[in-house]
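Colleague: For reference, the chains in residue letters:
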Amino acid sequence: MNLELLMSKLEALLFVVGDEGINVKQFSQLLEVESMEIEAALSELKTYYEESNMRGITLKNLAGTYQLTTKTDMADTIKKLVENPTSHVLSTASLEVLAIIAYKQPITRVEIEDLRGVKSDRPIQTLVSRALIQEVGRAEGTGRAILYGTTKEFLNYFGLDSLDELPPLPEQVLKDDDQETDLFMTKFQEAFSSEE
Amino acid sequence: MNLELLMSKLEALLFVVGDEGINVKQFSQLLEVESMEIEAALSELKTYYEESNMRGITLKNLAGTYQLTTKTDMADTIKKLVENPTSHVLSTASLEVLAIIAYKQPITRVEIEDLRGVKSDRPIQTLVSRALIQEVGRAEGTGRAILYGTTKEFLNYFGLDSLDELPPLPEQVLKDDDQETDLFMTKFQEAFSSEE
Amino acid sequence: MSYEVKLDAFSGPLDLLLHLIHRLEIDIYDIPMAELTGQYIDHIHAMKVLELNEASEYLVMAATLLAIKSRMLLPIHEGELEDSEFEVEALDPREELVNKLIEYKKYKEAAVELKLLESDRALVYTRPPSDLSSMEPDEQLALFDASVNVYDMISALQKILRRKNLRKPLSTRVARQEISMKDQMFAVVNSLRSFGGRSAFSELFPYEDKTTIIVTFLSILELMKRQVISVEQQNNFEELFVILDKEVPEDELRTVDE
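Residue numbers (the working numbering), protein chains in the order written: chain A, 1 to 196; chain B, 1001 to 1196; chain C, 2001 to 2258.
Because the hints were derived from the structure by calculation, they are not lab data.
No residue lacks a Cβ here, since even glycine has one placed at the ideal position from N, Cα and C.
It is possible that some hints are incorrect.
[Claimed, not checked] Covered by chain B, according to a simulated footprint, are these stretches of chain A (three or more residues, beta-carbon under 8 Å):
#1 1-8
#2 53-61
#3 113-123
#4 128-141
[What the hints assert, rightly or not] Cβ pair distances, simulated, as ranges:
#5 Lys-2115/C <-> Glu-140/A: 44 to 50 Å
#6 Val-2060/C <-> Arg-1122/B: 14 to 20 Å
#7 Val-33/A <-> Asp-2042/C: 53 to 59 Å
#8 Asn-2149/C <-> Asp-1114/B: 24 to 30 Å
Here chain A stands alone, though its shape is the one from the complex:
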């Protein structure tokens, strides 16, 4: 594969996997290209990002995993996005968490994070402070993780009489195909905290 084509494929894959990152071995499998060639192209790509002033993103290598990130000097620009109330980026995270809780309550933070694939403590904090969700109990087991559920204010906010009025779910979203991992992680954390 010629270098340019390989670079474009690497960029597309890096872009799509997001914060998950992807390693050389995975690239090599997906593209059926030798690891060495991949590494060379990745380093080329990095140089290209770094050296071009037009680029706002760059390539980061953390623990063998590659991911695209914004350049460090973009921090101020991105901060504005956080401070600007018209941007939806932050409320999106909260909305996702709220949606999961609405449909899967009672649910723990770990389960929510597993579904979203990202840390969710801040959005949970936000929603609690807005009284849209609340602690409704504790999960069984040693961890006794907090179980979250929606509040009356939640129903009020969305103009619902009861939870039954929520529109039907996209079936595949919350199917428990990750339950194995869930279960394992829960047991795992339980076991670990009980060791002390």
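Dock chains B and C against chain A, hints included.
Modeller: Below, chains B and C alone, put in the same frame as chain A:
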């Protein structure tokens, strides 16, 4: 701000907002740069993505926003990441209902069923759960039936920037109400312009 | 003629009629009712596994067709015709059906266009917004967009789904490539180094699939046994921290019984 710097900032912001998208007005607010300048830089950015073979990503107008996406010819590569790329495709019935809603919104279930000559509650439910349609109001009258319309996700799902981009309905052979109005308007405008 | 017709091949009685009209090369504006009705009834006979719900709709249409057919057989009285020129057209018993068919056909074709757009769009992938929550100042928790509704929630779930689709297979691939404990021990030590020698326990598990998690866990236990790392927890239920206690030469980690 010089063009290169502006482009890098646009890229960073586009990267961060992801599929949430961002529009010119928001860019303008965040960066304190005139809309015209933003638009020029965006078009420059797009050209740059499109013309470089090294790039796996490009700039697209989706649902009234700008979003970074992978290039079309990257699809085969990325598909390898996705287990079952076709499993979520809409059924014929759902597509029919969606087409009716898209072109005739706001519209009630009964009107849809009348047009299709078949019960349509299941496809409607699917479409709601896939966030492609939503309740946009209630019909007047005793039933106060739900009126359905398309969502932002609808535009996004079909790669449209706005409803105006929907392909025109196949030729309207019939003298339905809409067409009469159209015809009237056409005649009216003809009459009007011929007078000058 | 083959009667191997499946019900789900048609999205309703109108769809079936259009299919027949097309196949029999009938002029939609001048439908031979006897022929069409006969064909239609043959077809619904052939569709053996009719769900009751849908069957009724096909049967209602059959009744409508029969009614139109019989009305066409009725002689038109001269006198009635003269009453009003306008009604000549409206008197054709087929008109309502034809109108319906033509109107329906429009949207059926539009649905085909949508299908094309759908498959074009499926060639293009985006990414989820970055998680910026760590950037917000503490005192100002993320504001909730005041205009969100229930449907926005569904939308949010839809996005989660799309993302999960991209995440999952990557992990299954990882599982297949047989991670060794040796590799994972290196990985753990390396990430600890990159975190400055101390890391939250959960940070050492950026993995999705079970096998990797288990192997990583075993590696941590092994490293603890060898006193390369230690684990501490300040208070009950708080996050565990893993600390790199000593720098190990690489070859020392190579001796693992697997």
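Colleague: Could you tell me which of the numbered hints above are not met by this structure, giving the numbers in increasing order?
Modeller: The structure conflicts with hints 3, 4, although it agrees with all the remaining ones.
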